[in-house]
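Chemist: Top to bottom, those sequences are chains B and P.
FYI, UniProt numbering numbers position 124 of the first sequence as 124, with every residue one higher than the one before it.
FYI, UniProt numbering numbers position 34 of the second sequence as 34, with every residue one higher than the one before it.
Certain hints may be false.
Identical copies go unnamed one by one, so any copy, or any two together, can satisfy a pair.
Stated by the list, open to error - Mimicking EDC-like on lysine to aspartate or glutamate, the simulated pairs with C-alpha atoms at most 20 Å apart in a straight line are:
hint : residue 1 : residue 2
1    : K198      : E164
2    : K198      : D183
3    : K198      : D169
4    : K138      : D116
5    : K198      : D171
6    : K138      : D221
7    : K198      : E54
8    : K138      : D17
9    : K138      : D169
What the hints contain is simulated information worked out from the structure, not anything from laboratory work.
So you can see what is in the structure, the chains are spelled out below.
2 protein chains.
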Amino acid sequence: MPSLDICFSPELLPLFDLRGRVAVIVDILRATSSMVTALAAGVTHIVPCSELAECRALAAQGYLTAAERDGVQAEGVDLGNSPFGYLDGVVPVRGRGVAITTTNGTRALHLSLAADAVVLGAFLNLAAVASFLRRQNKDAVVVCAGWKGHFCLEDTLFGGALAERLQADFDVTASDATLAALDLWRTAQPDVAAYLLKSAHVRRLNHLEAHQDMAFCVQQDEYDIVPIWRDNQLTINNEQLTMSNEQ
Amino acid sequence: MPSLDICFSPELLPLFDLRGRVAVIVDILRATSSMVTALAAGVTHIVPCSELAECRALAAQGYLTAAERDGVQAEGVDLGNSPFGYLDGVVPVRGRGVAITTTNGTRALHLSLAADAVVLGAFLNLAAVASFLRRQNKDAVVVCAGWKGHFCLEDTLFGGALAERLQADFDVTASDATLAALDLWRTAQPDVAAYLLKSAHVRRLNHLEAHQDMAFCVQQDEYDIVPIWRDNQLTINNEQLTMSNEQ
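Could you put together the complete structure from these sequences and hints?
Modeler: And the structure:
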């Protein structure tokens with residue numbers, strides 16, 4: 001039985017040997033939630049960028065750009081980091097590539113490339129990620145983007161939720177991190193949004209739009225897609241695209 | 001109101017600025033539990049060593065030596081890493097200095113020396129540590145020794161227990177790490193030993209002696225002392241010694 005482990009911060013990644021394993025990158029508020037939403041909404045592929053300048057350079061190649069600074073949309077880009085930007089129709093996104101700056105999420109992803117496969121996880125595609133991992137049948141590690149390297153509750157809860165879904169097929173007891181995430185996930189039931197209102201990150205984002213985003217981002221199984229890292233970009237395969245378009 | 005934060009692994013210490021703060025080093029199984037027990041039993045001071053060779057060199061200067069390898073007492077030393085070694089009378093310890101090798105605990109301590117004060121925490125001296133922190137009235141960080149850099153449940157539970165004791169006097173909501181530790185501590189109630197039986201570390205130590213040690217190490221408030229780092233050794237002040245000797 002393969003095992004599911006959880007890495008609480010990119011700073012702890014040197015402790016994990018990702019070779020032969022699947023890495024699930026998670027940054028619930030809001031990078032991976034927004035990226036899953038973007039691809040489900042018909043974005044063709046995503047280039048995650050560490051720097052705003054890198055993002056803007058891709059605009060010249062026809063990319064839409066998405067970035068935030070201090071919780072609001074950055075100047076001179078097309079979209080902020082809210083998932084609603086891909087749904088509200090203000091900026092048409094279907095058929096476009098998007099360059100997105102995210103500090104924590106991009107760092108977690110770039111540090112995980114030794115893995116056999118690197119995919120994005122969010123509550124929005126929880127069931128799809130669980131199915132993907134079952135099909136891979138390899139050891140998996142949830143890589144929490146965290147907050148500037150620190151442990152954060154929302155990414156940990158995702159790890160616990162995934163462990164709960166996978167406990168019949170994966171060993172979810174091999175590490176204390178997974179055991180703790182499972183217990184925190186059970187504590188957060190039945191109202192994950194209410195539980196997260198106490199988190200330090202959510203309190204930092206204490207304004208209406210952020211709370212709407214948070215309520216959206218904790219919805220489970222909205223999108224049946226698994227963004228995967230391939231050729232330096234995040235994409236979903238054609239079969240997934242067809243399913244997504246039919247929805 | 002000062003804040004109480006928790007650092008889940010020595011690997012995360014670079015994220016914490018310890019200047020002006022008190023660091024509470026915790027390695028429940030078993031380094032800090034054994035050191036608290038040793039000082040309460042009349043050991044005059046402790047030199048924590050990373051290497052067995054360093055420990056053996058101090059034997060020539062009159063130190064008792066304590067070390068384990070793979071869960072059992074190392075060859076050629078006086079004591080293992082069980083707290084019972086300081087209580088069972090087989091090796092007289094009162095009035096002696098002890099050189100102890102511990103991998104995780106020593107590393108956590110040496111990486112925390114930028115703090116204003118560095119003290120040892122264990123369930124055994126939980127109330128004493130809480131009182132010490134109240135008197136200091138400074139921001140404090142619990143530094144979990146963890147397991148080879150990884151998150152571990154038992155040190156985290158200590159952080160949660162300390163946060164619960166201090167919540168009237170300290171801000172225990174400023175970081176997600178402290179919030180998570182509090183919730184895990186509440187989940188572990190009322191039977192902390194039973195809860196820890198599922199932890200990866202305890203299962204690694206799955207033999208009778210280790211379980212006896214674990215049951216001992218989760219007892220709260222047995223010793224009213226706070227080991228403090230001073231002049232490259234761990235000691236308790238004279239007032240504490242007097243109290244300890246009178247017990």
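Chemist: From the Cα coordinates, with 20 Å as the cut-off, is the pair K198 and D183 best called within, between, both, or neither?
Modeler: For K198 and D183, the Cα distance is within 20 Å both inside one copy (17 Å) and across copies (12 Å).
Chemist: Between copies, within a copy, both or neither: which fits K138 and D17 at Cα up to 20 Å?
Modeler: This pair counts as within: shortest intra-copy Cα distance 13 Å, inter-copy 38 Å.
Chemist: At most 20 Å between alpha carbons: which applies to K138 and D169, within, between, both or neither?
Modeler: within (11 Å within a copy, 47 Å between copies)
Chemist: Given identical chains, is K138 near D221, meaning Cα to Cα at most 20 Å, within a copy, between copies, both, or neither?
Modeler: Neither: 22 Å inside a copy, 45 Å across copies.
Chemist: One pair to classify: K198 and E164, alpha carbons no more than 20 Å apart. Within, between, both, or neither?
Modeler: Answer is between; shortest inter-copy Cα gap is 16 Å, intra-copy 23 Å.
Chemist: For K198 and D171, with the copy left unspecified, which applies at a CA distance of at most 20 Å: within, between, both, or neither?
Modeler: between (30 Å within a copy, 13 Å between copies)
Chemist: Could you figure out if K138 and D116 sit no more than 20 Å apart (CA to CA) within one copy, between two copies, both or neither?
Modeler: Intra 9 Å, inter 46 Å, cutoff 20 Å: intra-copy only.
Chemist: I want to check one pair: K198 and D169. Are their C-alpha atoms no more than 20 Å apart within a copy, between two copies, both, or neither?
Modeler: Answer is between: at 19 Å across copies they meet the 20 Å cutoff, but 32 Å inside does not.
Chemist: Is it within, between, both or neither when you check K198 against E54 at 20 Å Cα-Cα?
Modeler: neither (34 Å within a copy, 46 Å between copies)
Consistency note: the structure conflicts with the earlier hints numbered 6 and 7.
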